[in-house]
Structures are given as structure tokens and as C-alpha cells.
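**Q** These two chains come separately, so use the hints to put the complex back together.
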Amino acid sequence: MVKKLFSKGYILLILALLYTPILFIVVFSFSGNSRFTFSDGFTLDSYRAIFTSEQTPYLLQALKNTFFIAAVSSVAATILGSIAAIGIYSLKRRSRRVVENINQLPIINSEIVMAVSLMLFFVTFKFPEGYLRLILAHISFCTPYVVLSVMPRLTQMDPNIYEAALDLGANPFRALVTVLIPIISPGILSGFAMAFTLSLDDFIITQLNKGATTGIDTLSTYIYSSQRNAGGLRPFWFAVFSIIIVAIVTFVLIINLKKAKNIDQKEKENEKSA
Amino acid sequence: MNKSLTLKLKKAAKGFRLTRRVFSFPYIAFMLIFVVAPLVLILVNAFIYGNKLSLQNFVHLARDGASLNTLWLSFLVGIITTFSCIVIGYPVAYILSKQTSGRLIVLLFILPMWVNFLIRTLATRAVFHALDVRLGLGTVIFGMIYNYLPFMILPLHTTLSSIDKSYSEAAADLGADGITVFMQVTLPLSIPGIISGITMVFIPTISTFAISQLLGGVHLFGDSIYTKFIYGSYGVGSVMSLIMLAFVLISNVFINKTNKGEVSKNIW
Numbered sequence: 001m002v003k004k005l006f007s008k009g010y011i012l013l014i015l016a017l018l019y020t021p022i023l024f025i026v027v028f029s030f031s032g033n034s035r036f037t038f039s040d041g042f043t044l045d046s047y048r049a050i051f052t053s054e055q056t057p058y059l060l061q062a063l064k065n066t067f068f069i070a071a072v073s074s075v076a077a078t079i080l081g082s083i084a085a086i087g088i089y090s091l092k093r094r095s096r097r098v099v100e101n102i103n104q105l106p107i108i109n110s111e112i113v114m115a116v117s118l119m120l121f122f123v124t125f126k127f128p129e130g131y132l133r134l135i136l137a138h139i140s141f142c143t144p145y146v147v148l149s150v151m152p153r154l155t156q157m158d159p160n161i162y163e164a165a166l167d168l169g170a171n172p173f174r175a176l177v178t179v180l181i182p183i184i185s186p187g188i189l190s191g192f193a194m195a196f197t198l199s200l201d202d203f204i205i206t207q208l209n210k211g212a213t214t215g216i217d218t219l220s221t222y223i224y225s226s227q228r229n230a231g232g233l234r235p236f237w238f239a240v241f242s243i244i245i246v247a248i249v250t251f252v253l254i255i256n257l258k259k260a261k262n263i264d265q266k267e268k269e270n271e272k273s274a
Numbered sequence: 001m002n003k004s005l006t007l008k009l010k011k012a013a014k015g016f017r018l019t020r021r022v023f024s025f026p027y028i029a030f031m032l033i034f035v036v037a038p039l040v041l042i043l044v045n046a047f048i049y050g051n052k053l054s055l056q057n058f059v060h061l062a063r064d065g066a067s068l069n070t071l072w073l074s075f076l077v078g079i080i081t082t083f084s085c086i087v088i089g090y091p092v093a094y095i096l097s098k099q100t101s102g103r104l105i106v107l108l109f110i111l112p113m114w115v116n117f118l119i120r121t122l123a124t125r126a127v128f129h130a131l132d133v134r135l136g137l138g139t140v141i142f143g144m145i146y147n148y149l150p151f152m153i154l155p156l157h158t159t160l161s162s163i164d165k166s167y168s169e170a171a172a173d174l175g176a177d178g179i180t181v182f183m184q185v186t187l188p189l190s191i192p193g194i195i196s197g198i199t200m201v202f203i204p205t206i207s208t209f210a211i212s213q214l215l216g217g218v219h220l221f222g223d224s225i226y227t228k229f230i231y232g233s234y235g236v237g238s239v240m241s242l243i244m245l246a247f248v249l250i251s252n253v254f255i256n257k258t259n260k261g262e263v264s265k266n267i268w
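Respectively, the protein sequence lines represent chains A and B. Start counting the first sequence at 1; every next residue gets the next number (our numbering). Start counting the second sequence at 1; every next residue gets the next number (our numbering).
Extracted from the complex, chain B is given alone in its bound form (with noise of 0.2 Å):
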């Protein structure tokens, strides 16, 4: 009698179980609505010109030198502010993952990525009025790289200080000195930490909107975007976007690759 009691509440765990998947529903619902939809729109949109399915907004986009030129600065903004974020931040993530004091060090570098962006840039801008720096491409990438910096060095010491310590002590009890033991293991170990810094970087540097425009009166590309979308071209934003999401992608499997997306949640 026992044993079919037992039977039954297990029956019953287990009809619960089904059900309760239903409390993913509303959400998935939701999602499918405000996030999924409203992507399919832009593949569509950038498809669609004069109410006809064509690809006459791709060629717009190729042939709208003034669009064109502001991908290629915003690629040249976006290449120089991540590899200078590189070399300005590795050694930074690299000496916090040797000291003990590290992680309190760290969060003075998180510190200031939680002061809205605006208010950072105004700041900026101020210092460079201040000091009669002229506003300009300079001062732009060296705005970007105040404000994505903690996002360099934050993957990069979350690797830094994962990496066992005894990998670069076998090494140097076989022979190796300080700098071949960094060439040869630490820097190969920290490679993961260095490909989502570079995403967490690129990418939005390159879709920032605001920041290029306040630092320097420059366009980015996604200062291009708002702007067409403010506009009304929606089908030339449309595919701007599409770009856009295709190299958020393409990061995104890098990323994946290299670990399985555990540095990049590690920022919240």
C-alpha cells in the first residue's frame, strides 16, 4: 500500500513537472514578440523597397559613398581603441591576477563603468575644453578607450587569475626564464580572456551612438544607423543593422568557442 502511495505522488511530482514547463510560456511569448519579431522586421525591411521584395537597398548602401566611408572609420576607430586596450590593459589584468589585493583593485577599475556613459563622455569632453585640447578623431578614440577599458581588462584578469599557477611554475623549474614562460604558457592560457575582451571592445565601439558625436563631431556606424532610422530610411538602416548583427554573431561564435561564454556573464 505504501509502495503505491508512493507510486502516485511520484506520478503526481511528475505531472507537475509537465506543467510546469508552462511557466516558461508567458516569457517565451514575450520574447517572441519583442525580441524576435522586431529582428525579422529589419531582415525583412532591408528587403523590401517601394513595397517590393528587392535588393534595391543594398545597392542604395553601396553606393552611398558618405555610408560607406563612415564603416571604414568607424572599422579604423574600432580596430585602433581595441588593440590599444589590449596593450594598455593586459598588463594591468596581469599584475592584479599575480597580487592577493587583486579583486578589490578590480572593482575600482569596474567602478566607473557604472556612472552612465553620457555623463563619462561630457566629463571627458570637459577635461579636453579645460585643457584647450581640440575636438577631434584623437580625441574620439581616446574617449573610447576610456570608456571600454574595464571591458579589456575585466575578461582578461577573470582568465589571468584562472590560470593555474603551477603551469608557469613547471615551467621555470624546467629552465624556461620570466619572458619565455609568459610567450610560451601564460599568454597562449589567457587567449580565451583576450577574444571576448576584444568583442566585448569592438563591437561597441563601433555601434556606440553618442560618443563619437559628443567627442568629436565624427560619425560612427552607429551614429549612421539612428540616423537613418530617425530619418526614415528604413530599408538603408535596415541593412546597416543587419551588419551590424552579423558581426554581433560572428563574435559571438568566437566567443562560444573559445569558452563557453563564462568570462563574458563574469562582468555582471
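If we strip away everything but chain A, and leave its shape as in the complex, we get (with noise of 0.2 Å):
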């Protein structure tokens, strides 16, 4: 009892250590100041600055350019991967084995030994400084993770569907597109998820490879250019970081919890089946 006890209460305090930065920002957003304090009392005021700051202009624009940027090199990712997937699955053993270690460079490389590789590789060849430069890089850290969850669903799909399919007289395209497509399509679409909140979510590879001339900057980049020499955290920021922190709070639950629902209702039928 006193067991359990302790270790509901150790798991909550390491719950509540990992919480406290997020909550602490979020609860003083309402506070309109940066001293941490509810002296003017519970204010809307950093959520207007958010729209009125004189840094508006330049959020929206880095706003703008994340979702760009994600969202081009994350559909590219996706085609590349997934015809890629298809490829390798159909490799000789040996060709496979070496073409997903390759696959798996990206993976387990360190981001920053990859962004200071891509931007010697950028500058050397003399790639055109901007977009370009940063699609192509996220395009090179996104695609193998779609491979990733491509691979599964081709290496446990039956092959026998397929010989049917051909059997039953589709041509090789056609049984490509209404057999093997729906079939991995849960891989695909699951593997554009995961490009598009890489792509999302990255800086290191980005802050490298932005150019300082092009003033290209993603919201990641444009936090760390704002905050890397300011003293502390201005309310417009405690505004800012609270929206997104809630955004993904709640995006990350709805899309886990309808992820547990359905393994139980599997589970469930399972059991009625068996």
C-alpha cells in the first residue's frame, strides 16, 4: 500500500517537474507583464500584442514560411518515399540491406553534424541561397522516416493479393494502383504526418541553412534570433509560445487517444471472434 503509494506520488512529481515550464507560460500569458506577477490582474493584453506588436509582420511572415516550407518538402517527401518504399521492397536482399542503411544515416545522425554537412555541400556547389537550399535540406532529413513507415505495410501485405491481381488479369500498373496503394496507404499517410511535423518542428537544420543574406526566417529561427540575446521573455512571446503549446498539446492527444480507441475496439473484436 505504502509502495504504491510512493510510486503514484514519485510518478506525479516528475509529471508535474516535466509540466511546470509549459503550465508557468501559459498561466503568465494572462498576466500582461514579464515580472512574473498578477499585479495589473488577469489580462488579454499579450494576447492583443500578438496582433498589434511591432514584431506582427515579421511573426506572420515566419508563420508563413514554416507552413510553406513543411508543407512542399513534406508532399515531396512523401512521393519520393513512398514509390522509393516499393522500390527497395523489390531489391535483392543485398542491394535492400545497403540501401536502408542508407536510409538510416539521416535517422540517426546528429542534427547538427547533418546541417553543417548540408550547408558545406550547398555553399561548395554553389546552390542558389533561400528556399531552394532549405525545401531541399528538410526534403533530405524527412523522406526516410516516410520510408520508415512505408516498409512495414509492404513487408506484411500478403504477396499473394498482388499475384491474384495479376492473375485476375490487371496489368502490373493497375494492380499497383487499386491493390498495393490502399494497401500501404495507412503507411503513407501516417509517414506525411510525421514529415510535416519534422518539417515543422526543426531548426537546427534550418538556422544553418537559411543564408544570413536571404532573411528567410521559420518560426523556430525567428524565435532564437529574437531571444538569443534578450534578458528575458516579453509578454508577446509568453502570447505566442502559449497558443502553439496548447495547439500541440491538443492536436497530440486527439490524434493518441483515437489511436488507443481503435487498438481496444480491435482488441474487442478479437476477443468476440475468438
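No lab work stands behind these hints, which were simulated from the structure alone. Here the structure is a predicted model, which means the values were calculated and not measured. Heads up, the beta-carbon is just placed ideally off N, CA and C, and yes, glycines get one too. There's no promise every hint is true.
[Claimed, not checked] DEER-style ranges, computed between Cβ atoms:
id	chain 1	residue 1	chain 2	residue 2	range
1	B	F182	A	V177	52 to 58 Å
2	B	V59	A	F127	27 to 33 Å
3	B	A62	A	F51	52 to 58 Å
4	B	G138	A	G215	33 to 39 Å
5	B	G136	A	F42	43 to 49 Å
6	B	S162	A	T213	35 to 41 Å
7	B	T258	A	S190	47 to 53 Å
8	A	G215	B	A62	36 to 42 Å
9	A	P186	B	T186	32 to 38 Å
[What the hints assert, rightly or not] Quick list of in silico lysine-lysine cross-link-like pairs, BS3-like style, CA-CA up to 30 Å:
id	chain 1	residue 1	chain 2	residue 2
10	B	K52	B	K257
11	A	K259	B	K52
12	A	K258	A	K268
13	A	K268	B	K98
14	A	K3	B	K52
15	B	K98	A	K266
16	A	K268	A	K8
17	B	K52	A	K126
18	A	K259	B	K165
19	A	K3	B	K257
20	A	K4	B	K165
21	B	K165	A	K258
22	A	K64	A	K268
23	A	K4	A	K259
24	A	K261	B	K257
25	B	K98	B	K165
26	B	K257	A	K8
**A** Below, the structure is given as C-alpha cells:
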């Protein structure tokens, strides 16, 4: 009993520590000052500042850039990665191992090394600074995750289904579109979601490859450049961070609860059929 | 006739199998250009000094006291952070692996990870400001633990909850007390999780960029690599990147040896 209480208390303590900074920001986003007091009462001033601050145009531009780069590179990564997975699946064992190992490289590599290697590459071969560099860089670290999420669908698939489609007279292209792609589509979808979030979240690779003169900023690089030297966090940022935090937490919770529900339902169905 | 038809179809299918391989070629080309070539470029740059092949960059790094100090400091911070994450995270993973509702609580531990690390780091800094804590090495280490603890808990939890309960039950039946069961059965079986946890905390800690700088004005190895490249010392920067890359590859060999990469994949 005591042991149980102790374990529960420990879990709660660590969770509280993990959530303190995040909750702290959200709570004090309603104080309207950066002195961490409610001396001015409960206000929405910092939220109003999002629309009226002199930083607003830069913030909106950064937001636009973030979503533009994430959208383009995740769509490209999904197409490239899904097609690649089908190809890699059909490779002979040895070459398949080699390609899968290369695919692992960006995943295991530390971000800073990936960032500087890409920077060196772009500088050496004189790629034009700006969106092109960023999008290519984002595609190169997102695509491996798409491949990884499509691959299991292919290996778990019953190869006879595809063969059956061919036996029944479908040409290979038709079998691909009507049989193979629907089977792997959940993998494609989750690969896309992963690529999109990874691209949104990226800071290090973007920071090193955005180019000094272009003035392109994504949300994370803009946050970094405006905070690097500033002493304290301005109320404006409290509000911006709070919105981002609440949006992400809600989004992730919804997705995961849905997933958990699906799993539970499947387990129940399995029990019934058994 | 029927036989010849199926034979023909099988041939067609086989022919397509051959051509389906072509699907991987665009990606292979892309990866060779944008992942392999840049890394090769790092390797080449490390050995080039003044347009000539030489070891001068290595000599420069070896004589550069500031960079070497950064390297040692990074190790120190990395080791302290990793050790603390094991000490704090192992009990969490262990307790959660015993509970039926553990999966949902694990989600709570992963949730903050989805918020960008810059925002989390700045939030931590704001808490330190509010509490009037002076920023320094201590706050840097706290920030690192805060940032990377979930990366330790997750692989540990995956490994611990996949251990067959009958092992520890058998040990208990044979007369072992709780502590002995843990030391002799559970702990050894969870070593793969510990190893992937260590690499998932240690490597990012020493290579991270910005966290240490924001939380204490301290430069770690990742910050040094960044600074070298920003100021155009590609040669020495490349040597430092090679050192980092070596760590990544060595730790990956360790992970692959203990568990065929299954635990680390589950993070997503």
C-alpha cells in the first residue's frame, strides 16, 4: 500500500516537473507583464500584442514560411519515399540492406552534423540561397521516415494478393494502383504526418541553411534570433508560446486517444471472434 | 494451354518485379546527392588545408585549447545528464511497466516532447528568471535533463514492459526476494533499453545546439561546430563533425548489437 502510494507520488512529481515550465508560460501569458506577477490582474494584453506588436509582420511571415516549407517538403518527401519503399521492397536482399542502411543515416546522425554537411554541400556547389536549399534539406531528413513508415506495410502484406490481381488479368500498373497502394496507404499517410511535423519542428538544419542574407526565417529560427540576446521573455512571446503549446498538446492528445480507441476496439473484436 | 498462359503471366509478373526495382532509383540518387555526398564532403574538408591534402586541421584542433575544453565540458555535461536521466527515468519506466494504465501515462511523458525544444528551453529559462536562479552550468544540466528525460523513459518502458512476467514470477517462486528478483532478472533483461536510452540522451546532449547557450551562456560541442562553420573555418569544423559522426556510428553499433534497432524505432 505504502509502496503503491510512493510510486504514484513519484510519477506525479516527475510529471509535475516536466509540465511546470509549459504551464508556467500558459498561466503567466494572462498576466500581461514579464515580472511573473498578477499585479495588473488577469488580462489578455499579451494576446492583443500578437496582432499589434511591431514584431507581428515578422511573426506572420515566419509562420507562412514554416508552413510553406513544411507543406512542400513533406509532400515531396511522401511521394519520393512511398515510391522508394515499393522499389526497395523489390530489391535483392543485399542491395536492399545497403539502401536501408543509407536510409538510416539521417535518422541516427546528429542534427548538427547533418546541418553543417548540407551547408558545406550547398556552399561548395553554389546552390542559390533561400527556399531551394531549405526545401531540399528538409526533404532529405524527412524522406527516410516516410520510407520507414511505408516499409512495414509492404513486408506485412500478403504477396499473393498482388499476384492474384495479376492472375485475374490486371496489368502491373493497375495492380499497383488498385491493390498495392490502397494496402500501403495508412503507412503513406502516417509517413506524411511525420514528415510534416518534423519539418515544422526543425530548427538546427534550418538555422544553418537559411542563408545570412536572405532574411528567411521560420518560426523556430525567428524565435531563436529574437531571444538569443534578450534578457527576459516579453509578454508577446508568452502569448505566442501558449497558443503553440495548447495547439500541439490538443492535437497530439486527440490523435493518440483516437489511436488508443481503435486499438481497444480491435482487441475487443478479436476477443469476440475468438 | 491454360498452363502456358499462367506461365506467361508469371513471366510478366517476374518482369515487373525487375522493373519495380527502378522505383527505388530516384530516391537512391537523391540520397547519394543530399545525404552521402555532403558527408563525404565533410570527410574531404577535414583533410584539406590551403587547397592541399594535409593533417593541419587535426593539428589545429589539437592545439586549440578552447575547443578541447568545450569537448571535455560536453562530455562532462553529457555524462551527468545521461546518468541523471537513468536514475530519474528508470523508476518511472519500471513503475509504469507494472501498471495497466501505463500506456496512457507514458503518453503524458512524451507529450511535452512535441513542443519545439526552443520553446521548452525558453520556458525553462523563464522559470529560472522568475525564481531568481542564476544561469550557469547547473541550469544547463537541468535543462538538458528536462529536455531528454522522455528519450530515456521511452526505450526503457518499451523494454521493461516486453519482459515476460513469468521470469520474475519463477524467480520469486524459487525463493528470491523482491530486490534479488530485480537485480538478477529484471535489470539484466532491461539492458538493451538502458543502452538505447543512453545513446538517445548522450549523443543529443553533446551535439545539441542552442540549449546550453540559452540556459547558461555555456558552449558545448554542438555550439562549437556551429560557430566554426558560421565563421567559415570549414576545415576544423569538419574535423569536429567527424568526431561527432564517429560517436554516432559507434553508439549505433552498440544499439544494433543489443537489440536490432527495435526499441529506437518505437520512439515515433
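**Q** It remains to establish, for every hint, whether it holds in the given structure.
**A** Quick rundown of the hints versus the structure:
In this structure the hint that F182 of chain B and V177 of chain A lie 52 to 58 Å apart at CB holds, the actual value being about 54 Å. For V59 of chain B and F127 of chain A, the Cβ-Cβ distance of about 31 Å falls inside the hinted range of 27 to 33 Å, so the restraint holds. The supplied range of 52 to 58 Å is met by A62 of chain B and F51 of chain A, whose beta-carbon atoms lie about 54 Å from each other. For the hinted restraint 33 to 39 Å between G138 of chain B and G215 of chain A, the CB-CB distance of approximately 37 Å keeps it satisfied.
Separated by about 34 Å at the C-beta atoms, G136 of chain B and F42 of chain A break the suggested range of 43 to 49 Å. As the Cβ distance of S162 of chain B to T213 of chain A is approximately 51 Å, the hint placing it in 35 to 41 Å is violated. Distance hint for T258 of chain B and S190 of chain A: a CB-CB separation of about 27 Å, inconsistent with the stated range 47 to 53 Å. Checked against the given bound of 36 to 42 Å, the beta carbons of G215 of chain A and A62 of chain B, roughly 38 Å apart, stay inside it.
Between P186 of chain A and T186 of chain B the Cβ separation comes to about 35 Å, which falls inside the hinted range of 32 to 38 Å. Taken as a hint, the K52 of chain B and K257 of chain B pair is broken in the structure, with Cα atoms around 39 Å apart against an allowance of 30 Å. Between K259 of chain A and K52 of chain B, the direct Cα distance comes to roughly 57 Å. Violation of the 30 Å bound is thereby established for this hinted pair. Using a Cα cut-off of 30 Å, the hinted pair K258 of chain A and K268 of chain A holds, with the two alpha carbons roughly 15 Å apart.
Taking the CA atoms of K268 of chain A and K98 of chain B, the gap is about 22 Å. The hint holds against a cut of 30 Å. The straight-line distance between the Cα atoms of K3 of chain A and K52 of chain B is roughly 67 Å, outside the 30 Å bound, and the hint therefore fails. Proximity of K98 of chain B to K266 of chain A is assessed by CA-CA distance (about 23 Å); at most 30 Å being required, the pair is judged to hold. Between K268 of chain A and K8 of chain A the CA atoms are separated by roughly 29 Å; this keeps the pair inside 30 Å, and the hint holds.
Restraint check: the Cα-Cα separation between K52 of chain B and K126 of chain A comes to about 21 Å, which is no more than 30 Å; the hinted pair holds. Note on K259 of chain A and K165 of chain B: the hinted pairing holds, with a Cα-Cα distance of about 26 Å set against a maximum of 30 Å. With a CA separation close to 36 Å, the supplied pair K3 of chain A and K257 of chain B exceeds the 30 Å bound. With a CA separation close to 19 Å, the supplied pair K4 of chain A and K165 of chain B stays within the 30 Å bound.
Distance hint between K165 of chain B and K258 of chain A is fulfilled; the C-alpha atoms sit about 29 Å from each other, no more than 30 Å. For the suggested pair K64 of chain A and K268 of chain A, the alpha carbons sit about 44 Å apart, so the restraint of at most 30 Å is broken. Restraint check for K4 of chain A and K259 of chain A: satisfied, since their Cα atoms lie roughly 29 Å apart, inside the 30 Å limit. Taken as a hint, the K261 of chain A and K257 of chain B pair is broken in the structure, with Cα atoms around 35 Å apart against an allowance of 30 Å.
Simply put, K98 of chain B and K165 of chain B have alpha-carbon atoms about 10 Å apart, close enough for the 30 Å limit, and the pair holds. For the hint pairing K257 of chain B with K8 of chain A, the CA-to-CA distance comes to about 35 Å; that exceeds 30 Å, so the pair is violated.
Consistency note: the structure conflicts with the earlier hints numbered 5, 6, 7, 10, 11, 14, 19, 22, 24, 26.
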